[in-house]
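Q: Take a look at the letters that make up each chain.
There are 2 protein chains.
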Amino acid sequence: MSKSWGNRLAWLPKLNRPVPEGMNNPLEIAAFEAETYFQSGNSGKSVFFELYPAMKEAYAIRKDGDGYVISGGQTGVLYGVYTLIRGIEAGETLPEGTQKPYYPLRMINCWDNMDGTVERGYAGRSIWFENGRFDYDPARIRQMGRMLASVGINVLCINNVNVHQPAQHLLDTLLPEVEEFAAILRPFGVRLMLSVDFSMPLQNGLSTADPEDVQVQDWWKAQAQKIWKCVPDLAGFLVKADSEHRPGPNAYNRTHAQGANMLARAIKPFGGVLVWRAFVYNCLQDWRDTQTDRPRAAYDLYQPLDGCFDENVVLQVKYGPFDFQVREPVSPLLYAMPKTPLALEFQLAQEYTGHQIDLFAMPPLWREVLDQMGKEKVCAVAAVSNLGRDGNWFGHPFAALNLFAFGLYGWNPDADPQKVIAAWVRNTYTLPASQQDTLASVLLGSRKTYEKYTAPLGLCWMVRPESHYGPSPYGYEFQAWGTYNRADCRGVGIDRTEKGTGYACQYPKEWAEVFASPQACPDELLLFFHRLPYSFRMKDGRTLIQRIYDDHFEGCREAENMQEALKTLSLPEPDREEALQRMDQQVQNAREWRDVINTFFRRFSGIEDEKGRKIYD
Amino acid sequence: MSKSWGNRLAWLPKLNRPVPEGMNNPLEIAAFEAETYFQSGNSGKSVFFELYPAMKEAYAIRKDGDGYVISGGQTGVLYGVYTLIRGIEAGETLPEGTQKPYYPLRMINCWDNMDGTVERGYAGRSIWFENGRFDYDPARIRQMGRMLASVGINVLCINNVNVHQPAQHLLDTLLPEVEEFAAILRPFGVRLMLSVDFSMPLQNGLSTADPEDVQVQDWWKAQAQKIWKCVPDLAGFLVKADSEHRPGPNAYNRTHAQGANMLARAIKPFGGVLVWRAFVYNCLQDWRDTQTDRPRAAYDLYQPLDGCFDENVVLQVKYGPFDFQVREPVSPLLYAMPKTPLALEFQLAQEYTGHQIDLFAMPPLWREVLDQMGKEKVCAVAAVSNLGRDGNWFGHPFAALNLFAFGLYGWNPDADPQKVIAAWVRNTYTLPASQQDTLASVLLGSRKTYEKYTAPLGLCWMVRPESHYGPSPYGYEFQAWGTYNRADCRGVGIDRTEKGTGYACQYPKEWAEVFASPQACPDELLLFFHRLPYSFRMKDGRTLIQRIYDDHFEGCREAENMQEALKTLSLPEPDREEALQRMDQQVQNAREWRDVINTFFRRFSGIEDEKGRKIYD
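Listed in order, the protein sequences are those of chains A and B.
Here the first sequence stands for residues 247 to 863, numbered as in my numbering.
Here the second sequence stands for residues 247 to 863, numbered as in my numbering.
I should point out that these hints are in silico values taken from the structure, not numbers from a laboratory.
There's no promise every hint is true.
Heads up, the list lumps identical chains together, so a pair's fine if it works in one copy or across two of them.
[What the hints assert, rightly or not] DMTMM-like cross-link-like pairs, simulated, lysine to aspartate or glutamate; straight-line CA separation at most 25 Å:
1) K302 with E622
2) K860 with D734
3) K755 with D546
4) K857 with D734
5) K860 with D532
6) K857 with D535
7) K860 with D535
8) K860 with D741
9) K745 with D863
Could you put the whole structure together from the sequences, leaning on the hints where they help?
A: Set out below in structure tokens:
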């Protein structure tokens, strides 16, 4: 077992005593946290707890003389104490009245493989798997539970949605170890979830995994019984089916509703939720085929199934129709399933957004998505984890912000990105106020900057195909992934309006009209929806090509400014060194992106930069 | 240990008894082979052997009544019997007089890692390594020895030139196992060679690997003593230094001559040869830098060192200045080192030439290289192995041709590709003569066809960067490998003449003049040496862009014709099924290449095909 983790405390620096082994319920931990915080930080204040089990995750905080009273449910009191600490650290006024989470399910999906690797992980190896088995330091798991609870996350799916052997044994021979792991996180209000291989019956003596086959149904029912007997509060299963070569109901000519419902019925008696991912598309597309359009896929497949899913199925939909790109329109599926419980899926792991080297604070992106979508469209939120075995948990110490913020958005989807970022900064670092503002401002602008120097105006997929890092504007162009920009000497982009692939027609009328018109479409999404000549005039009068050049020069300049700003901060070590080293890399990356993308478009268009800046041949 | 190999006999189908364990010298094996062949195939003929040890590898064959007499050296008699069998099978007249190899060193370089993988291997896993140790079936190694001896190959380097742990232990703790392995191949006239990590002293308690450091020199001398004591006929060491992040003398500001000579002196007392690879270039190039030109690298580094190498150093030079591309000019270094023993390096493993799926018979390529270079420029030939654990040894049963032919070219660099290919066909398959001709003709044209449908006119590097398979015309364009085509809306290619990077000036005058002129330069290399507009007129009057389109349509059509031709052959199973399955894949590949490359250039140039054939948008 690796002990190489550095025991770093992320946004909880004042909770500087580990939660001891043997604390078996949230109230006990809540009392411990209050004592730790108020004795160390704001000495002498007392916190009293009133337990009302029916309140469950809810809580209320009131001042009581010099101290506080937190009333709440079993987990609520724990959430209450963390909210209190967060609020004091951030200098916020205490929330008034009873607080409860807007989304009952607030899930982290870990793409951890049992060999210890983490798919698209940028913070080191798995914290709990190695060499095909569980292998962890219980103290570190408790510390992780504390971090998750401190921002109100209540479900942790511990294995990759791409279920590689031997992870299927988490559902049978490894169940006792799953329960041991679950027991460590239970007092923090965190329940486990398991990713499941749809074809598992085939690996267990059955000749089919057909969801309409009675033997298959019975097998899953019996299996569920064994599983929940061992882990009684397991939250449910997460399934990636018929997607990127994973098995699924299509093999038996069954719909995804039939597939999901079969599993849902097996786990329903135990209160399990069946989370079914809607990330399904043709990953063997022919680039010559200009009619098949990957962003259409999820809507085309699932919209006709609205109303066909059992009530304990949750359809988990990525925020955009592609795959966690820097800029995508909100997935049209999110508007189209009023009768189906939906989860909105984000990705904290910075797969396409800088690998936890480049800064990319996500709250502004989420704010836009939630505003465009309407928070009430979904009943749950999920996010792909950015955690790993690195000493600072996240690869980049600032990447912690995204996990922190995700938890807060699960409770309050109306949150203001600026305030959430400020709260993270103030909880994490004790700095002069002006430095806190500087850091918060760098983070707040980081997504826009990253967007400017990478793929322009919603084009997406200009990264290197294997690593998903660094510029390769034509790297995906002739591949089978359905991810093309179709740049040529005349123009760039794909017409996704009615005259093209028709993707824009999947939206409700008000959005469909906006997206259909190059004049109305937001600049940021222009090349997502339209194929345009380089001479196209943007709203501000610039040509499309000039806008591309300008954005790339600006984005790079902004990255350089971020670097200058970070250098002025008196961050504690090793955070300072880690952040500055990665910032160096980011500035190099930004220059590379700027030059590659500008050169790429100049090579096609033959058009010079109006301002005469250097574009390489 | 895997027993999954199929005991297939490649070009030796009539030697259908395994060479028994315990035959300890070539003469014994020669007698066994003669008996096997003549009793089974051409019953009743007798072969007598006359051993003249001083003849070593040489031999002479004469008819003697109904039978034959083979006189020769220790290994010569074995080579003689194989030549006799090959000649009878191919219907050739027997060679007259004493035969001896033109190149004394005829080496196969295996890129086998001790974890069982083979770098750039397309015929399955390693035949002798697995799980960090030797793990093989001795019968299979004997069969491989027989194959190597049957075409006169006398050195086998058994581990990857990129020496990954624990392969450095082949030089210390694993020496007894190396000797055990060597002993199996010794009776076949095959000596082992080992790839060596230049930094090995650092892993053994020394604080430096500086070749001018006496302690380092002494360490290597002592090590050599131990090694040759254990494996007395070890052929020598193979070293990849200061190349693609391998350690080397540069770290100590020493020249490659200093590095190589230090090792050469350590192994000289034991008759060892130090093979030093000249494949050294800047693999962290900036694509913006148009002056640094990777093909220049080896000449720039080594030419000034001519005359500085010890006599038991052999500088191993790839045939082209890049890296085994489909079409390259001969490396200028091969003309520039008259005082240095050189080895010419080929690659049987079809890294950039179809992964042993697409047909690519190499003799025509080698014929061109040897003719352009002059066979006397080198004293040795080496080839990267295409062998693996697959049942048929080569992935594709026809890929066997390349190993077969390489052996023959090592003996006779004047060989005619057509005759070599015909000999392989006739030795491998008993088919009606017309079918033999059909197969030989398909193979003879396969390189030209592959060239036509892949990268045009010497451009190189249009493959996918990680796999080196399938088209990605801009995949390498902005990377650090120094491998650019710089296509834009005006033209394509790099000016490597005096006015450009100056690479063409590295050639002797007669070649430099040819390459310097777009009018004189061979069409196949036009875009290797020149940057030209799409409207450039080729020698035959076509425009450059039209020639690109034509070649790609023709190449694809030729692949389809090859497929039709193969279908007519009554090949034995499983060869037939394997060959046809792979041919299906090749035809798909050819279509993909045709369409991607044509579309790529039409997107840039905006120019239509004159013949109105389909080029996708």
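Q: For this structure, which hints from the list above don't hold up?
A: none
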